[in-house]
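Given these sequences and hints, build the entire structure.
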Amino acid sequence: MTLDARDAAELPLDALLEAFATTVEPIEGGVRLAMQRTDVTVGGVRDSLNGGVLAAFVELAGHLAFRAVLDAGVRIERTQELGLSFLSSARSPDTIAEARVLRAGGRLAVAAVEVRDGETGDLNVAGRVTCVLARPSRERAS
Amino acid sequence: MASPPDRALWMRQGERRPLYRALGIRPDDIGNGYAQFVVEPTDASADGRGSVLSFAATTAADQCVLDATITTLDRDREETNGTAELNLTYLEAPSGVLTVRGEVVGRARNLSVVDLTIRSGSGGVIAFGRGSYAVRQVEGGRS
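Chains as they are written, first to last, in the working numbering: chain W, 955 to 1096; chain H, 232 to 374.
Simulated from the structure, these hints should not be mistaken for lab results.
The C-beta atom is built at its ideal place from N, Cα and C for all residues, glycine as well.
Heads up, some of the hints might be wrong.
If you want a taste of the chain H side facing chain W, the calculated C-beta under 10 Å gives, among others [said to hold, decoys possible]: (1) W241; (2) L254; (3) I256; (4) R257; (5) D260; (6) N263; (7) G313; (8) T314; (9) A315; (10) V356; (11) A358; (12) Y364.
Covered stretches of chain H (in silico footprint by chain W; criterion: 3 or more residues with CB under 8 Å from a CB of chain W, positions within the stretch not fixed) [what the hints assert, rightly or not]: (13) 279 to 287; (14) 290 to 301.
Pasting the structure below:
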């Protein structure tokens, strides 16, 4: 299953993607997000993107990567773990996140996310997102 | 020496920030070594069931790390230099309006460590976390 407009619309994330001026496209094993600098997303040190925005950007990329690869009927219940290392300030007009699913098991799914400067390719943030999954058969059994 | 935070100024500045308005983040309390925000559903941060999306809480958590750290800075000698690490563990999905609080539990010359808790509308803790924030020494001070 690949991400398409229908999948994105099923999540209540359209308004958040718009607020973050973010577009989404599928890549092998995940998704690629592009976020623009706006008066909402800036606010970090030395005129960089806000760290909280970047943290949410990583979490969002992880969720959308799971949506892109999970089988039909499997849904994301919630985020369980979010781990971020901020490596450099994000100052580019465009900031790119690539999220790839490392494993989608019966109950948990893990994705690795890299956030890079859209012009130089410098790594801004390295992240990992773990989500709890809900599978139809498990829901019926519980 | 760190000076006591001006709570009224902090809240006024927060109310003007486009990011906070978009995600429903409202400054709630600040004091020496801590900062607290309330996160309410908006068009961008609502999960469609009356609760706040975790993404907005995550944003507020990082802001707690920054603002709690700022209260510990010696403004004549130190300045902010960016979040270094942020780790959050959610025990359950957000429900209702959330309260996100960060408390400084350690300060070194170039680093602040902040413990985070996120509470649901009923008051139960739904997430724990820790952030570390880089502090830069200003050469020669500002005076």
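Structure-based check of all given hints:
The criterion of a C-beta within 10 Å of any C-beta in chain W is not met by W241(H), whose closest approach is roughly 15 Å, and the hint is violated. For L254(H), the interface hint holds, the least distance from its beta-carbon to any beta-carbon of chain W being 7 Å, beneath 10 Å. Annotation: interface hint on I256(H) holds; nearest CB of chain W at approximately 8 Å, less than 10 Å. Residue-level restraint check for R257(H) is violated (minimum Cβ-Cβ distance to chain W is 14 Å; threshold 10 Å).
The criterion of a C-beta within 10 Å of any C-beta in chain W is not met by D260(H), whose closest approach is roughly 18 Å, and the hint is violated. A least Cβ separation of about 22 Å between N263(H) and chain W goes past the 10 Å threshold, and the interface hint is therefore violated. Using the Cβ-Cβ criterion of 10 Å, the hint placing G313(H) at the interface with chain W is satisfied: the shortest such distance is roughly 5 Å. Evaluation of the T314(H) hint against chain W yields a held restraint, the C-beta minimum of about 4 Å falling below 10 Å.
Because the closest C-beta pair between A315(H) and chain W is about 6 Å apart, less than 10 Å, the hint holds. Here the hint on V356(H) is broken, as its CB sits about 15 Å from the closest CB of chain W, past 10 Å. Contact between A358(H) and chain W, as hinted, is supported at the beta carbon level, the nearest pair being about 9 Å apart and thus within 10 Å. Hint on Y364(H) holds. Least Cβ distance to chain W is approximately 9 Å, under the 10 Å limit.
For the region 279 to 287 of chain H, the assignment as covered by chain W holds, since 5 residues bring a beta-carbon within under 8 Å of that chain's beta-carbons and 3 suffice. With a cut-off of 8 Å between beta carbons, the region 290 to 301 of chain H has 7 residues touching chain W; three or more are needed, and the interface restraint holds.
Checked against the numbered hints above, the structure violates hints 1, 4, 5, 6, 10; every other hint is satisfied.
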